[in-house]
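Could you put the whole structure together from the sequences, leaning on the hints where they help?
This is what each chain is made of:
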Amino acid sequence: MNAMNLPLMLPEIALVVLGIVVLLADLVLPKEKRHLLGWWVAAAFSAIVVYLFVRPAAGEPEYAAFGLYRLDGFAIFMKKVFGLAGVLVAVMSVDWVKRHGRAAGEFFTIVVFAMTGMFLVASVNDLMSMFVSLELVTLSFFILAAFRVADRISGEAGIKYIIVGALAAAFMLFGTAFIYGATGQIRFDAVRGAIERLAEPAYPTLLFGAVTLLVGLGFKVASVPFHVWVPDVYQGAPTPVTAFLSVGSKAAGFVLIVRMLTLVFGEALSNELTPLLALTAALTLFYGNLAAIPQTNIKRLMGYSSIGHAGYLLLGVVAIVAMQRGGHSYGSGVSAIIFYLFAYVFTNMAVFLGIVAFSATAGRKHAIDDYAGLGKRSPFLALTLTVALLSLAGVPPLAGFFGKFYLISSVVEASAVAGNGWLLVLAAIGAVNVVVSMYYYLCVVKRIYMREPPENASPILLGAPVRVALMACMALVVIIGIFQGPFVKMATAVLATIR
Amino acid sequence: MGAEFNDYLPVVLTVLLAGGLAVLLLGLSAVVGKKARGAPVRDTPYECGMPILSEAHTRFSVKFYLVAMLFILFDIEVVFLYPFAVVFDDLPASLIFVEMLVFLAILFAGWIFIVKKGVLRWQKEE
Numbered sequence: 001m002n003a004m005n006l007p008l009m010l011p012e013i014a015l016v017v018l019g020i021v022v023l024l025a026d027l028v029l030p031k032e033k034r035h036l037l038g039w040w041v042a043a044a045f046s047a048i049v050v051y052l053f054v055r056p057a058a059g060e061p062e063y064a065a066f067g068l069y070r071l072d073g074f075a076i077f078m079k080k081v082f083g084l085a086g087v088l089v090a091v092m093s094v095d096w097v098k099r100h101g102r103a104a105g106e107f108f109t110i111v112v113f114a115m116t117g118m119f120l121v122a123s124v125n126d127l128m129s130m131f132v133s134l135e136l137v138t139l140s141f142f143i144l145a146a147f148r149v150a151d152r153i154s155g156e157a158g159i160k161y162i163i164v165g166a167l168a169a170a171f172m173l174f175g176t177a178f179i180y181g182a183t184g185q186i187r188f189d190a191v192r193g194a195i196e197r198l199a200e201p202a203y204p205t206l207l208f209g210a211v212t213l214l215v216g217l218g219f220k221v222a223s224v225p226f227h228v229w230v231p232d233v234y235q236g237a238p239t240p241v242t243a244f245l246s247v248g249s250k251a252a253g254f255v256l257i258v259r260m261l262t263l264v265f266g267e268a269l270s271n272e273l274t275p276l277l278a279l280t281a282a283l284t285l286f287y288g289n290l291a292a293i294p295q296t297n298i299k300r301l302m303g304y305s306s307i308g309h310a311g312y313l314l315l316g317v318v319a320i321v322a323m324q325r326g327g328h329s330y331g332s333g334v335s336a337i338i339f340y341l342f343a344y345v346f347t348n349m350a351v352f353l354g355i356v357a358f359s360a361t362a363g364r365k366h367a368i369d370d371y372a373g374l375g376k377r378s379p380f381l382a383l384t385l386t387v388a389l390l391s392l393a394g395v396p397p398l399a400g401f402f403g404k405f406y407l408i409s410s411v412v413e414a415s416a417v418a419g420n421g422w423l424l425v426l427a428a429i430g431a432v433n434v435v436v437s438m439y440y441y442l443c444v445v446k447r448i449y450m451r452e453p454p455e456n457a458s459p460i461l462l463g464a465p466v467r468v469a470l471m472a473c474m475a476l477v478v479i480i481g482i483f484q485g486p487f488v489k490m491a492t493a494v495l496a497t498i499r
Numbered sequence: 001m002g003a004e005f006n007d008y009l010p011v012v013l014t015v016l017l018a019g020g021l022a023v024l025l026l027g028l029s030a031v032v033g034k035k036a037r038g039a040p041v042r043d044t045p046y047e048c049g050m051p052i053l054s055e056a057h058t059r060f061s062v063k064f065y066l067v068a069m070l071f072i073l074f075d076i077e078v079v080f081l082y083p084f085a086v087v088f089d090d091l092p093a094s095l096i097f098v099e100m101l102v103f104l105a106i107l108f109a110g111w112i113f114i115v116k117k118g119v120l121r122w123q124k125e126e
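If you read the protein sequences in the order shown, they are chains Y and E.
Read in my numbering, the first sequence has 341 at position 341, and its numbers run on one by one without any break.
Read in my numbering, the second sequence has 9 at position 9, and its numbers run on one by one without any break.
Worth flagging that the hints you see were computed from the coordinates, not collected in a lab.
Treat the hints with care, since some could be wrong.
What the hints assert, rightly or not - Simulated pairs of lysine-lysine, DSBU-like, Cα-Cα distance not exceeding 30 Å:
| no. | chain 1 | residue 1 | chain 2 | residue 2 |
| --- | --- | --- | --- | --- |
| 1 | Y | LYS80 | Y | LYS98 |
| 2 | Y | LYS33 | Y | LYS98 |
| 3 | E | LYS63 | Y | LYS33 |
| 4 | E | LYS116 | E | LYS63 |
| 5 | E | LYS63 | Y | LYS98 |
| 6 | Y | LYS31 | E | LYS63 |
| 7 | Y | LYS33 | Y | LYS80 |
| 8 | E | LYS117 | Y | LYS33 |
| 9 | Y | LYS489 | Y | LYS80 |
| 10 | Y | LYS489 | Y | LYS446 |
| 11 | E | LYS117 | Y | LYS31 |
| 12 | Y | LYS160 | E | LYS63 |
| 13 | E | LYS116 | Y | LYS31 |
| 14 | E | LYS117 | E | LYS63 |
| 15 | E | LYS116 | Y | LYS98 |
| 16 | Y | LYS98 | E | LYS117 |
| 17 | Y | LYS365 | Y | LYS376 |
| 18 | Y | LYS33 | E | LYS116 |
| 19 | Y | LYS98 | Y | LYS376 |
| 20 | Y | LYS365 | Y | LYS489 |
| 21 | E | LYS117 | Y | LYS160 |
None of these values were measured; they are calculated from a predicted model.
This is the structure in C-alpha cells:
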C-alpha cells in the first residue's frame, strides 16, 4: 500500500493530459472548428473505456498513491460506466456547442475534468481524497450548469447549484471532521479498524459525523430533503450538461455512499442508520414521483424523475445497512445498486439524447406539449424516447423493470435477514411508486403518439452519431431487460471485489 | 489545573499581552495625547484618501475579479512548493522531482491559456 504505483492511475493521468490538450488546442484551432474537439473527447473516452475492458481484471484490491487510491472491481466497473456516459455526453454536446458558438474548448475541457473527478471518486480510499475528488466533479458542474451565460435561467441554475453545493460541501467536511475526531484516522481501512475498537464515549461523535457526511452525499444524489436544487438546475443547465449531471452527480454520490457503508462504517452504525435511511428513501420516492406529475417542462420532469430514481437506489442502500446488522454481508443491496445504476445511466442518456436532438429542431422551450405528434415527425426518435421512458417507468421487459425488481427484492431479503418488518412496508412503498411513476412517463408517451403535430411542424433531423448512440442505448435497455442473467452475474462479481 | 493545560499557557500570555498592549496604548494616547479639534474630518480613521463609508453596491470592473482569481490560482503554486521542499528528503528524488515538474507543466499550460486568451491585457487593443 505504501507505494506511488503510478501505472494503476493511467486512466486518470490520461484524462488530465486530455483536458490540458483540449484546453491548448482551443487556442490553436480556428473558431469554427473548435466544436470538433467534442469528437476528440468522445474518441479519447472510448479509448479509456476500451483500455479498462482489456486490462487484466483486478483480483485483490490494488492501491496507489500511498493508499489514497484503491482500484478494485467496483472502481473499474464504475469507471467503465462513467466513461461510456461521457462518450454519450460528448456526442450530444458537439451540436449544442456548435450552436452555442462560444467557448467550445473550455466546455469540453471542463467535461473532461468532471470525468477525471468521477474516475477518482470511483477509486477513493481516504476521507480527504474523497472530498477533493467529489468537489472536482461538483466544481466542474457549477461552471457547466451556468455555461449559457447570456441566459437568465442558466445563470440561475448555476447560482443555485453553487449555493447548495457549497452547503453540501460544508456538511461533508463537517462530517469528515467528526469521523476523524472519533477515530483519529482518515484512510478508509484505518478508520474501519479504529471503529472496531472504538471506546463507548466516542460513539455519538462517530454517529454524528457519519450522518452529517451522508447528508452531504444526500445533496449529490438528490434525496429528499436535500433535493431542492434539482428541478431548477436540471431545467436551467444546458441539456447535455443536465444529462451528464443526472448520471454523473448521482452515480458518484451513490458510489461514495456504498464505499462509506461497506469499507468504513460496517455494521457499527447499522441500528441507527437503517431507520434514518429507510425514512429518507420513502420520502424521496413519494416526493419525486408525486411532484413529477404536474410538470409541464420535460427537463423539470426529468429532474423530479431523477429524485424518484434516487429513492429507488436508496432502497438498495437501506438493504445494505439493514443486512450488515449481526455481521451479515451486504448481500444483494450492493449488486442491485450496481445493476440499477448501469441500467439507469443508459436509459437516462437515451432520454436526454432524444431531448437534445428534438430541441435542436424544435427550439429550447422544452415544453412537454411540444412533443405532440413526434410519432409522425420522427418515428425513430419517438420509438427510442418511448422505450427509454417506459424503461424508466419500470415496464417489463425493459431494463428499468428488472432493476426496480432487484432493488425491491433486496429490501425484502434484508427484511427477512434482519427480522425487521418495517422494511416490508418500505418495499411496498417502492412498488406503489412504480405505478405512480408510470402516469407521468406515459403522459409524455401519450403526447408523442396520440396527439397531432402542430401545423407547421417540420420533420426532426437526426445526425448519424446521435442515431448510432440512440440505437446503442436502446439495444442495451432491451438486452439488459430481457437477458438479465449475465448482468446480474456481473453485478455480483463486482460486489465480491468490494470487501 | 491539569498538566495538559500548561501547553496553553503561551496562548493565554499572548492574549493577555496583546490585549494589555492595546489597552495601554489607547489609554496613553487618551490621557497624554492632544485632543483633535476643528474639522470633523480629523476624527475619521483616514484623514485623507478613501471615504470610509459609502454604498457597498458599487460596480468593479470584472478585470479585478479575473486578476484576483488568477492570483489565487498561481499562489497555490507557492503553497505546494513548501510541502514539496519539506518532504523532499523523505521520498525518492526521481519521483518527487518529476512530480513537481509535472505540476509546474500543468501550471504553465494554464499560464499559456490565460495569456493567449488576453486575460492579462488590461485595455482592449484599438
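Checked hints:
A threshold of 30 Å between alpha carbons decides the hint, and for LYS80/Y with LYS98/Y the separation of about 27 Å falls inside it, so the pair holds. A hinted pair counts as satisfied when its Cα atoms are at most 30 Å apart, and LYS33/Y with LYS98/Y qualifies at roughly 9 Å. Proximity of LYS63/E to LYS33/Y is assessed by CA-CA distance (about 28 Å); at most 30 Å being required, the pair is judged to hold. For the hint pairing LYS116/E with LYS63/E, the CA-to-CA distance comes to about 16 Å; that is within 30 Å, so the pair holds.
At roughly 27 Å between alpha-carbon atoms, LYS63/E and LYS98/Y fall within 30 Å of each other, so this suggested pair holds. Taking the CA atoms of LYS31/Y and LYS63/E, the gap is near 24 Å; set against the 30 Å cutoff, the hint holds. Proximity of LYS33/Y to LYS80/Y is assessed by CA-CA distance (about 29 Å); at most 30 Å being required, the pair is judged to hold. Between LYS117/E and LYS33/Y the CA atoms are separated by roughly 17 Å; this keeps the pair inside 30 Å, and the hint holds.
A C-alpha spacing of about 17 Å is found between LYS489/Y and LYS80/Y, which places the hinted pair at or below 30 Å, so the restraint holds. Of the pairs offered as hints, the one joining LYS489/Y and LYS446/Y is violated, with about 36 Å between alpha carbons and a cut-off of 30 Å exceeded. Under the criterion of a C-alpha separation no larger than 30 Å, the hint pairing LYS117/E with LYS31/Y is consistent with the structure, at around 13 Å. Between LYS160/Y and LYS63/E the alpha-carbon distance is near 24 Å, which keeps this suggested pair within the 30 Å criterion.
This hinted pair checks out: LYS116/E and LYS31/Y have alpha carbons roughly 14 Å apart, not beyond 30 Å. Only pairs whose Cα atoms come within 30 Å are accepted, and LYS117/E paired with LYS63/E is accepted, the gap being roughly 13 Å. For the given pair, LYS116/E sits about 22 Å from LYS98/Y by alpha-carbon distance, which is consistent with the 30 Å threshold. As the CA atoms of LYS98/Y and LYS117/E are separated by approximately 20 Å, the hinted pair is consistent with the 30 Å bound.
A C-alpha spacing of about 20 Å is found between LYS365/Y and LYS376/Y, which places the hinted pair at or below 30 Å, so the restraint holds. Proposed proximity of LYS33/Y and LYS116/E is supported: the alpha carbons are some 18 Å apart, at most 30 Å. In summary, the hint linking LYS98/Y to LYS376/Y is supported, as the alpha carbons are separated by about 27 Å, within the 30 Å threshold. The suggested pairing of LYS365/Y with LYS489/Y is violated, with an alpha-carbon distance near 42 Å, which exceeds 30 Å.
Distance restraint check for LYS117/E and LYS160/Y: the Cα-Cα separation of roughly 28 Å lies within the 30 Å cut-off, and the hinted pair is therefore satisfied.
Consistency with the previously given hints fails for numbers 10 and 20, ordered from lowest to highest.
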